[in-house]
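Chain A is already provided as a structure; the job is to place chain B on it using the hints.
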Amino acid sequence: MKGQVLWVFMTALVAALFAASLLVGPAGLGLAESLRALFTGQGDAVVLVMRDIRLPRAILGLLVGASLGLAGAAMQGFLRNPLAEPGLIGVSATAALGAVLALQTGVAALFALALPLSALAGAALSVVLILLLAGPRGGALALILAGIAISALAGAATSLVLNLSPNPFAAMEIVFWMMGSLADRSMTHVWLGAPFILGGMALLLSTGRGLDALTLGEDVAQTMGLNMNRLRLSIVFGTAAAIGAAVAVAGAVGFVGLVVPHLMRPLVGARPSRLLPAAALGGAAMVLAADVAVRVIAPDTDLKLGVLTALVGAPFFLHLIWRMRREEA
Amino acid sequence: MTLLSLEALTVRRGECPVVDRVTLTVAKGEFVGLLGPNGAGKTSLLRGALGLLPHEGRSNLAEMPPLQRARAAAFLPQGREIAWPVPVADLVALSGGGPAAVDHALARMGLQGYRRRNALALSGGEQARVLIARALAQDTLLLLADEPAAGLDPEAQIRAMMVFADLAREGRGVVASIHDLGLAARHCTRLVLMAKGRIVADGAAREVLSDTHLADVFGVRGFHAETADGPIFQPLDVVR
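First to last, the sequence lines map onto chains A and B.
Quick note on this note's numbering: the first sequence kicks off at 1 and runs consecutively.
Quick note on this note's numbering: the second sequence kicks off at 1001 and runs consecutively.
One chain only, chain A, in its complex shape (with noise of 0.2 Å):
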């Protein structure tokens, strides 16, 4: 597919899975009696099942989607390392030990936004440790060390969090929002993260032309008058937004930031800039077609969002390599 057809294409699949994921759910409602009660506000239980529970699902749906997506691309450009997925500064770590803090003492049951808030603050704390760590000019290399350093540390206070937790109760309440979901969220969720999550996709989006010009090395893309300290900032700051936010309102939802580029890199050229907006609408895509299916699949039981994506994403992550050996051999 080629230019515009595939724009067209990506969008029209992104907006029929949105609308997918509207009118997809246990309620059973009819197609016609969905949309006047979204659109209009007539029929009580109708318009509470519309607007405040499918509604607010299918926009986390598509933010988280499009911010992993897009944070995936960035990451992989800005390391210039197609393994890369956007957790890998630590961010989804930090996030996850700042929501998983919140469970455990209690703090989330206190009020709605304690959760993702605490979440958030986590995912600011790893910003934090990763320019302390890297420095302000730390290379490619630094920021991934210093990233594993803090992913690991935050995955063994999870840990540790788990391991003390004084029933099994609070600990399978952890281990279930790990899984990564988009159920029983609100708007309040949507009002919460979609700021954090726009502007660190705003700020990714602006990397394209700075990571097209990385392709040749970092001393050819400095001489060609590339910002190389502001570029990094822009990464960092953007992924920590996007991603941190994403944790905060949905989990840990895997995969989609690695898979996502690959998935797009054919259809688009692997120039960073074209594949950075076409790996946010993949991701939209992706996000959102498996939450619809968690609710095709498995309607009674709560199948996590995360354990899907992950589930179809790690199949179809080894096909790549598969295929990339063949190429190359």
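It should be emphasised that the hints constitute simulated quantities derived from the structure, not laboratory data.
Glycine included, each C-beta is placed from N, C-alpha and C at the ideal position.
Some hints here could point you the wrong way.
Computed list of chain B residues with no C-beta within reach of chain A, every gap over 12 Å [claimed, not checked]:
# : residue
1 : 1056
2 : 1119
3 : 1126
4 : 1131
5 : 1153
6 : 1157
7 : 1169
Here chain B is said to cover these stretches of chain A; the calculated rule only asks that three of the stretch's residues, wherever they fall, bring their Cβ under 8 Å from a Cβ of chain B [to be verified]:
#  : stretch
8  : 202-216
9  : 237-247
10 : 294-306
Just chain B, lined up with the frame of chain A:
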């Protein structure tokens, strides 16, 4: 007009200076061959001059803001990095020189037929030519190239040298670190010999590639002749 002006430029790796108070100016019309054994400081000199390494002393390029420097000098590093499989024309266009500059650079490197080819699927020598074309498309008065001839076949080596010599004749300046002394002697307008971070000789091939310099700096003995075909130099054997 001076294109490159270094004053007591020093670059340190740890405490040890790898470029030690180097003063050098390069003017329009010069194709300077930067010579010296491995570890002499050639790469650090080029990167320090561009402000890519922390340095002491002065460099006119390092003092410019990034965008102004990008219009003053292009850099062709030793490591030939192409991270993604993008078409050759897109890669060359990253210089931001516009379609005319891209066409001109591709033509100069004999790459007109390569425009839509995936840069990563090319051979090492072809990739090297693409990256030279990328640097040319930046359309600057000065080109700093770090071992541009390394790993190229003889024809591609000579063609690259001829392109650089042409740039100098057009009134631009080129500084290229070169290990092949014969290639440097034949094509450069001026040679600069480095050892242990310092410039030990600067001038025409005959003076710079003298028996003493060769023995002291490279530890080799060579054959040098001025022929009707131009200067010919061939290293012969190791003396120490």
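Structure-based check of all given hints:
| no. | hint | verdict |
| --- | --- | --- |
| 1 | 1056 | holds (18 Å) |
| 2 | 1119 | violated (9 Å) |
| 3 | 1126 | holds (16 Å) |
| 4 | 1131 | violated (7 Å) |
| 5 | 1153 | holds (23 Å) |
| 6 | 1157 | holds (21 Å) |
| 7 | 1169 | holds (24 Å) |
| 8 | 202-216 | holds (count 5) |
| 9 | 237-247 | violated (count 0) |
| 10 | 294-306 | violated (count 0) |
The structure fails to meet hints 2, 4, 9, 10 from the earlier list, while all remaining hints are met.
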